[in-house]
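Visitor: Protein chains in written order, with the working numbering: chain A, 4 to 237; chain B, 4 to 237; chain C, 4 to 237; chain D, 4 to 237; chain E, 4 to 237; chain F, 4 to 237; chain G, 4 to 237; chain H, 4 to 237.
Rather than coming from a laboratory, the hints here were simulated on the basis of the structure.
Do not take every clue at face value.
According to the in silico footprint, chain A covers these stretches of chain B (three or more CB under 8 Å from chain A) [what the hints assert, rightly or not]: (1) 103-110; (2) 125-137; (3) 158-164; (4) 171-184.
Glycine included, C-beta positions come from ideal geometry on N, C-alpha and C.
Each chain, written out:
Protein chains: 8
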Amino acid sequence: MKDGAEFARPDFSRKERTGAPEVVFCQGKTPEQIASIMVRLSRETEENIFGTRATHKDHDAVVAVLPQAMYHEEARIIAVPGKRPAKKEGAVAVLTAGTADIPVGEEAAVTAELLGNRVTRIYDVGVAGIHRLLDCIDEIKEHHVIIAVAGMEGALPSVVAGMVDVPVIAVPTSVGYGANFDGLSALLTMINGCASGVGVVNIDNGYGAACLADKITGMIGKQKTDEIDIEIDV
Amino acid sequence: MKDGAEFARPDFSRKERTGAPEVVFCQGKTPEQIASIMVRLSRETEENIFGTRATHKDHDAVVAVLPQAMYHEEARIIAVPGKRPAKKEGAVAVLTAGTADIPVGEEAAVTAELLGNRVTRIYDVGVAGIHRLLDCIDEIKEHHVIIAVAGMEGALPSVVAGMVDVPVIAVPTSVGYGANFDGLSALLTMINGCASGVGVVNIDNGYGAACLADKITGMIGKQKTDEIDIEIDV
Amino acid sequence: MKDGAEFARPDFSRKERTGAPEVVFCQGKTPEQIASIMVRLSRETEENIFGTRATHKDHDAVVAVLPQAMYHEEARIIAVPGKRPAKKEGAVAVLTAGTADIPVGEEAAVTAELLGNRVTRIYDVGVAGIHRLLDCIDEIKEHHVIIAVAGMEGALPSVVAGMVDVPVIAVPTSVGYGANFDGLSALLTMINGCASGVGVVNIDNGYGAACLADKITGMIGKQKTDEIDIEIDV
Amino acid sequence: MKDGAEFARPDFSRKERTGAPEVVFCQGKTPEQIASIMVRLSRETEENIFGTRATHKDHDAVVAVLPQAMYHEEARIIAVPGKRPAKKEGAVAVLTAGTADIPVGEEAAVTAELLGNRVTRIYDVGVAGIHRLLDCIDEIKEHHVIIAVAGMEGALPSVVAGMVDVPVIAVPTSVGYGANFDGLSALLTMINGCASGVGVVNIDNGYGAACLADKITGMIGKQKTDEIDIEIDV
Amino acid sequence: MKDGAEFARPDFSRKERTGAPEVVFCQGKTPEQIASIMVRLSRETEENIFGTRATHKDHDAVVAVLPQAMYHEEARIIAVPGKRPAKKEGAVAVLTAGTADIPVGEEAAVTAELLGNRVTRIYDVGVAGIHRLLDCIDEIKEHHVIIAVAGMEGALPSVVAGMVDVPVIAVPTSVGYGANFDGLSALLTMINGCASGVGVVNIDNGYGAACLADKITGMIGKQKTDEIDIEIDV
Amino acid sequence: MKDGAEFARPDFSRKERTGAPEVVFCQGKTPEQIASIMVRLSRETEENIFGTRATHKDHDAVVAVLPQAMYHEEARIIAVPGKRPAKKEGAVAVLTAGTADIPVGEEAAVTAELLGNRVTRIYDVGVAGIHRLLDCIDEIKEHHVIIAVAGMEGALPSVVAGMVDVPVIAVPTSVGYGANFDGLSALLTMINGCASGVGVVNIDNGYGAACLADKITGMIGKQKTDEIDIEIDV
Amino acid sequence: MKDGAEFARPDFSRKERTGAPEVVFCQGKTPEQIASIMVRLSRETEENIFGTRATHKDHDAVVAVLPQAMYHEEARIIAVPGKRPAKKEGAVAVLTAGTADIPVGEEAAVTAELLGNRVTRIYDVGVAGIHRLLDCIDEIKEHHVIIAVAGMEGALPSVVAGMVDVPVIAVPTSVGYGANFDGLSALLTMINGCASGVGVVNIDNGYGAACLADKITGMIGKQKTDEIDIEIDV
Amino acid sequence: MKDGAEFARPDFSRKERTGAPEVVFCQGKTPEQIASIMVRLSRETEENIFGTRATHKDHDAVVAVLPQAMYHEEARIIAVPGKRPAKKEGAVAVLTAGTADIPVGEEAAVTAELLGNRVTRIYDVGVAGIHRLLDCIDEIKEHHVIIAVAGMEGALPSVVAGMVDVPVIAVPTSVGYGANFDGLSALLTMINGCASGVGVVNIDNGYGAACLADKITGMIGKQKTDEIDIEIDV
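Between the sequences and the hints, there should be enough to build the whole structure, so can you do that?
Guide: The following block contains the structure:
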């Protein structure tokens with residue numbers, strides 16, 4: 004019987020197919036499995052490769068075989084720099100409501116940077132002291148996409164989306180206690196937000212928010228519709 | 004076997020005991036039961052008596068026996084004016100996030116008025132267009148208590164509480180659809196709010212919010228602690 | 004006491020502030036309130052104005068005062084054509100998993116069109132007969148944004164996102180029965196999807212999906228980051 | 004990249020704006036972050052500063068830089084005495100249903116004291132042995148606000164509110180097991196309570212209850228409405 | 004294919020086996036099915052037969068074939084008197100918290116009577132006005148079993164059980180609104196009650212409460228353990 | 004400030020009032036608090052005193068001050084024998100569905116014994132191998148009350164109640180995994196059981212089941228109703 | 004814009020691909036849509052075609068264009084007989100716990116028959132009167148697959164699976180009230196069942212159960228593994 | 004008092020009765036209990052015996068008394084080879100969506116092998132990279148039963164079932180985070196799947212899936228219906 008690591012089928016064509024590289028979700032894998040997969044990825048691609056939800060111990064295993072692997076502690080990301088991806092000229096603002104939301108914010112920020120975006124971090128601007136947000140709103144508006152990270156009542160994305168004309172990606176976090184039910188409260192708030200132009204990702208999923216942001220900033224250089232040949236016979 | 008109406012035990016001593024009059028919760032009672040209870044209450048007290056969650060049909064039954072009974076349609080309240088209660092000099096601001104929240108806002112506003120407070124209605128100031136709220140904030144601050152009513156993501160009370168120095172009473176509503184789960188979303192948001200000084204009542208419970216507001220405005224004339232003799236041997 | 008309709012504060016500056024026009028959410032408002040608000044909106048803007056979750060009865064009330072108002076039955080949208088907004092050259096594909104999801108798909112499609120996008124409808128391509136989706140995938144890929152609408156198990160957005168390099172907006176619907184719990188099942192599936200590049204909106208919220216899509220297609224003409232002056236002192 | 008602690012934006016104007024000082028929620032922050040924030044707060048204010056949900060280890064870090072910092076073990080609060088805030092003359096009774104609810108009760112009691120109130124602790128008076136509550140009820144009534152803390156079935160606030168004429172703040176706790184679902188049971192009980200004059204805060208949120216109580220006792224010296232100039236053009 | 008009614012297998016030996024007669028749960032059955040089953044039951048037994056959750060229409064169908072069938076409107080029970088079961092000498096007190104809980108209380112009371120118990124109805128004694136309960140407590144104590152019916156916060160059974168030395172059967176009701184979630188709130192309260200000696204039945208299940216009460220009052224004449232020969236080889 | 008232990012108000016009159024002695028719920032209390040409370044109880048009563056949910060460490064603390072204290076490991080009960088309570092002649096059968104349910108079964112069995120009942124343990128008779136239950140059913144029937152303990156699908160009480168004529172007390176356990184949601188599954192099964200004569204207690208609450216059983220076996224010597232003077236003026 | 008009906012993509016190759024014919028889920032479709040789809044299906048296949056969750060009104064629309072269409076009222080199925088599918092020689096037993104579960108049982112039974120199986124209906128054999136089930140168990144065992152349909156506590160499949168050596172398909176129903184939460188209770192029971200050999204389908208999904216049963220009876224004529232050439236390079 | 008282990012009633016007749024051997028669920032049992040039960044089983048049967056959810060420590064205890072006991076680490080299964088059961092000629096494909104689902108896949112695969120089936124493992128073929136699944140689909144189709152294991156959004160079984168003509172057993176896993184709610188998300192997805200021919204088992208229940216698969220492959224040699232004598236008088 005082969006061991007589990009052998010069964011992993013890294014998705015080498017993903018980049019070509021979806022524009023997104025294969026990224027390792029480390030949680031639930033052993034350090035050895037992680038190291039083994041990252042080595043295989045590093046042979047297949049010239050881009051940055053990285054793993055999320057990684058521990059120091061995971062990093063130790065990876066750095067033993069890929070010495071250039073760095074560890075972003077707060078973001079919990081192991082990154083192995085590839086031949087730097089072409090700058091996409093996208094500007095992403097990552098906002099957090101509180102300081103406890105920063106690890107998720109960092110997962111989003113570091114991921115967005117690794118995917119080739121310019122990132123501005125604007126942390127601790129939750130709505131319970133709304134002047135903090137209002138003070139930054141003009142600069143926030145100058146970005147292409149806004150990632151708004153919030154736990155507890157999770158109202159930040161809704162308030163922000165009411166003030167800007169760009170897409171807002173809402174990331175609920177499990178920060179809080181009691182009736183936050185590990186992030187369910189913030190998730191429901193964001194899904195029910197009345198401001199338009201908001202897309203929600205999973206609780207604590209900074210990585211997913213950054214991927215979506217990257218696909219959106221990928222629009223900047225896109226062809227206009229007039230030049231596209233769309234013919235679908237429904 | 005006696006019929007259900009006969010079993011009702013109107014709580015005539017409630018006013019004396021708790022400072023709050025007995026109020027009829029009409030939903031789930033027949034028009035006849037409602038009329039019968041209100042007649043009995045009107046004999047016992049000289050204050051305003053009223054019933055909440057009442058329909059036109061309920062009002063028809065009451066007005067047949069108590070001709071002075073009025074019906075506040077949007078608030079769904081039947082009110083029978085008593086010897087007007089002494090003005091308590093309390094000022095209550097009732098805010099709603101959207102127009103669909105107004106019936107609950109009205110239940111709160113009319114109840115607070117019937118209990119002897121001065122009420123200012125400030126409706127449709129939800130956080131997705133926060134300038135609407137900011138435009139009113141100075142006036143809002145001049146009230147003794149603020150009742151903030153909101154459905155969907157329910158972020159209004161939290162944002163307001165971050166800007167004022169008086170108590171905020173949060174009323175989640177069942178307004179919304181999909182993942183609002185009939186108000187659960189707004190309730191969780193409010194319970195998890197990070198601004199301090201907020202107390203939450205049941206979904207759509209405008210009446211309860213007004214009762215709490217009234218107990219708070221009842222503090223204005225209270226004796227100072229220094230003059231109180233508190234001795235509890237724990 | 005003023006009636007609720009009078010309290011509505013249509014958000015005339017929203018377009019300028021957020022790039023999105025004020026749209027009327029008709030559900031929970033009376034036909035009269037809807038007509039009154041749309042008349043006021045029509046005086047303030049030269050763009051398309053419209054209302055979602057509208058009934059035939061709502062349309063009757065609106066058409067009485069705004070004769071050019073049209074009713075999109077399946078989408079449940081009342082639209083009053085304004086001076087047509089400038090074409091944004093965005094191409095949006097709206098997919099539904101089943102035929103019962105079409106009303107939500109239509110809400111998304113009609114909204115996207117009213118906001119100035121070119122829309123392709125690709126309906127009934129759910130994953131339980133995946134060849135239907137595979138047959139269309141090449142054409143789907145040619146759009147700027149994909150809106151994937153699905154009830155029941157809600158797996159469509161995840162499968163699609165694994166095959167394209169553009170943003171996917173996931174719309175869970177309440178279609179299904181039993182343990183779908185009115186759309187909760189599809190919502191959870193989409194929030195937990197493992198494909199990256201997906202943002203989720205509320206259950207049955209075709210309107211919200213189209214607004215987000217429109218903000219994303221609005222990126223096409225955006226300035227590159229290098230030319231933006233972002234300076235935030237964190 | 005700056006570390007998270009640097010991103011924290013202590014809300015120095017909160018006191019002026021909301022009447023409530025900035026308080027540190029220690030859970031989820033490192034001892035170093037807590038100490039750093041408290042030092043900065045101590046430079047900005049002459050009032051008591053404090054942190055909740057703090058451990059002994061957190062206290063060790065704070066006392067190293069602020070030697071006067073005390074630790075209230077049961078309340079899990081680190082307090083640094085400032086120039087004592089002016090006595091507000093408010094009297095707060097803190098009740099708990101059981102002995103296991105005492106830590107939450109203490110968080111409420113110590114917070115209320117730090118904010119300048121006189122506090123009476125009345126613990127272990129749950130409704131399953133109601134004579135214990137009845138024995139104290141006369142003294143309880145002499146306070147301005149009552150904080151009722153209860154886990155399991157959480158019936159205490161409702162029973163108390165039926166016997167007093169002052170506001171009751173209900174604090175559900177996570178005390179219990181099985182179908183208490185970490186406090187959900189007590190939360191629902193309190194939100195559904197039929198006694199009026201009750202506001203609910205988050206599960207185990209003794210701090211929040213005390214803040215609300217303090218805002219209510221802050222009413223005692225307030226101006227009467229007649230003297231207030233409220234003019235809002237709705 | 005036989006029709007559904009034909010498939011019903013009335014459990015004629017249930018009385019002998021479990022001490023409880025077969026009772027028809029009418030909800031979800033057609034009036035014809037109900038009438039047909041009751042006729043068959045009436046041929047098999049000389050005891051009272053009855054059906055719960057019955058409508059007037061159901062009764063019409065039954066009385067057409069069993070003219071002696073009576074309808075207890077508030078209890079929603081159709082009863083066909085049999086040869087009266089031997090008096091069991093059991094005394095059951097049925098308490099309700101509010102007037103809206105009376106239909107469930109009546110279902111319990113009428114069922115208990117039909118099973119041969121003496122029933123005392125004590126309605127509208129909820130804990131928010133606890134003096135009402137205290138006034139009756141001495142009489143309540145004189146019964147063999149207490150059925151406590153309550154919706155909303157559902158605290159009645161817990162308070163009662165703390166004052167009596169007999170078994171208490173707790174019946175949550177769906178009475179309430181908002182966060183009562185159709186009775187879930189009261190159910191959780193009762194399941195988490197800290198008073199001992201309480202058994203809980205399903206939401207609105209007055210019938211089930213009465214059956215359990217009847218089995219308990221059936222203990223009165225039981226043999227003492229010393230005379231029982233129990234030998235189980237585990 | 005007094006420490007929490009001092010605030011405990013052991014309910015010395017409970018026995019007299021409710022027939023049930025004060026029992027210590029050890030979970031969430033320190034060994035010192037437990038020992039201190041048990042000493043106080045031992046001074047007040049001549050009956051057995053005991054504490055549930057106790058650890059070996061708790062027992063160590065108790066035995067240091069009350070040397071006769073025993074520890075029932077599987078039941079997690081510390082018992083201090085008093086002057087043995089008069090035998091009540093009640094016979095209780097404790098059934099468990101699986102072997103993993105035995106600790107809860109033991110909590111019920113030991114408690115029932117300490118309260119003065121004769122207990123028969125019949126373990127591992129779950130319905131998935133129903134012949135095991137059928138083999139014992141005749142002996143089971145000879146008891147006055149049956150406590151049926153089950154996790155996972157929790158069907159045991161319903162099946163048992165369909166075969167006996169005595170009260171069945173259903174105890175859901177948290178045994179299982181996945182969609183058992185820590186006992187919610189078994190709780191719902193039992194609450195929805197269609198067999199009559201079943202009362203449900205909290206998840207894993209063996210103690211509560213035994214208390215209810217004891218109140219029921221306490222019926223055996225009760226006076227008949229005819230001799231009781233019940234007069235309640237409703 | 005084409006209407007929704009036109010967008011439907013009947014899955015004509017499904018039979019070939021999956022062995023299952025395309026079946027119309029009528030709920031949520033208009034009678035016209037249903038009729039239109041069934042006509043198209045009838046042109047493509049020579050097998051039985053049918054639609055589930057159909058009303059009389061739906062049948063009226065279908066029979067107008069396909070006169071041979073029959074309506075199975077209790078099963079809510081419209082069936083248009085095709086060239087009868089080859090008999091598969093499979094024997095399916097459909098059990099229901101109660102009479103109210105029969106409509107779901109009939110949906111399963113009629114579907115299984117339309118797919119070419121021999122079906123035995125054994126209704127009203129719920130576990131609360133287990134002798135009813137025991138009386139039939141020998142005959143039940145003689146079938147190839149057993150479909151066990153149950154609402155409320157949903158224990159039937161588990162008990163049956165413990166007595167037979169063939170696959171059991173468990174169908175939870177929404178039958179019940181209160182804490183059955185529209186079938187969630189029965190679903191959880193069945194998913195947590197401890198008997199092995201059980202697969203669960205959606206609440207009220209008699210159709211899905213029959214499809215699974217049909218795939219299982221389709222095994223009877225299958226080739227043995229030894230003759231299969233399976234080579235997968237993992 | 005006997006200890007718990009003694010109370011276990013291994014179900015020695017299960018094999019004969021249900022075709023499935025008694026298997027030990029090790030979780031929640033002590034190593035000693037496990038070893039003791041397996042020894043007893045080994046004396047009663049000549050088939051493979053095994054225990055699931057076992058740890059290394061459990062295995063240590065078993066191997067001390069049954070030296071031939073093997074430990075399948077990833078599957079967490081202790082297996083004691085018996086006289087090899089007759090080959091049933093069944094072919095089972097076990098699929099997992101991701102690598103983190105492999106432990107559950109292994110529990111299914113090893114169990115199916117121990118029960119006498121030929122198993123093909125096809126891991127890491129989740130729908131977010133659907134080409135991986137499409138590449139294997141022809142080989143997958145050649146099996147008699149497919150077990151599809153997936154966490155997160157759990158869409159694999161539905162997609163697979165739309166492409167094959169054999170039964171699919173869906174196993175949700177607790178793999179994921181945030182709104183996966185420990186597997187609830189995947190469970191709901193699978194229960195709501197629109198492809199027919201799918202039966203669902205409990206979260207992480209690889210063992211149960213294999214048992215069901217084994218009962219299905221047991222059909223291969225079954226008699227045809229025509230030769231069965233089924234006579235049930237309903």
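Visitor: Could you tell me which of the numbered hints above are not met by this structure, giving the numbers in increasing order?
Guide: Of the numbered hints, just 1 does not hold.
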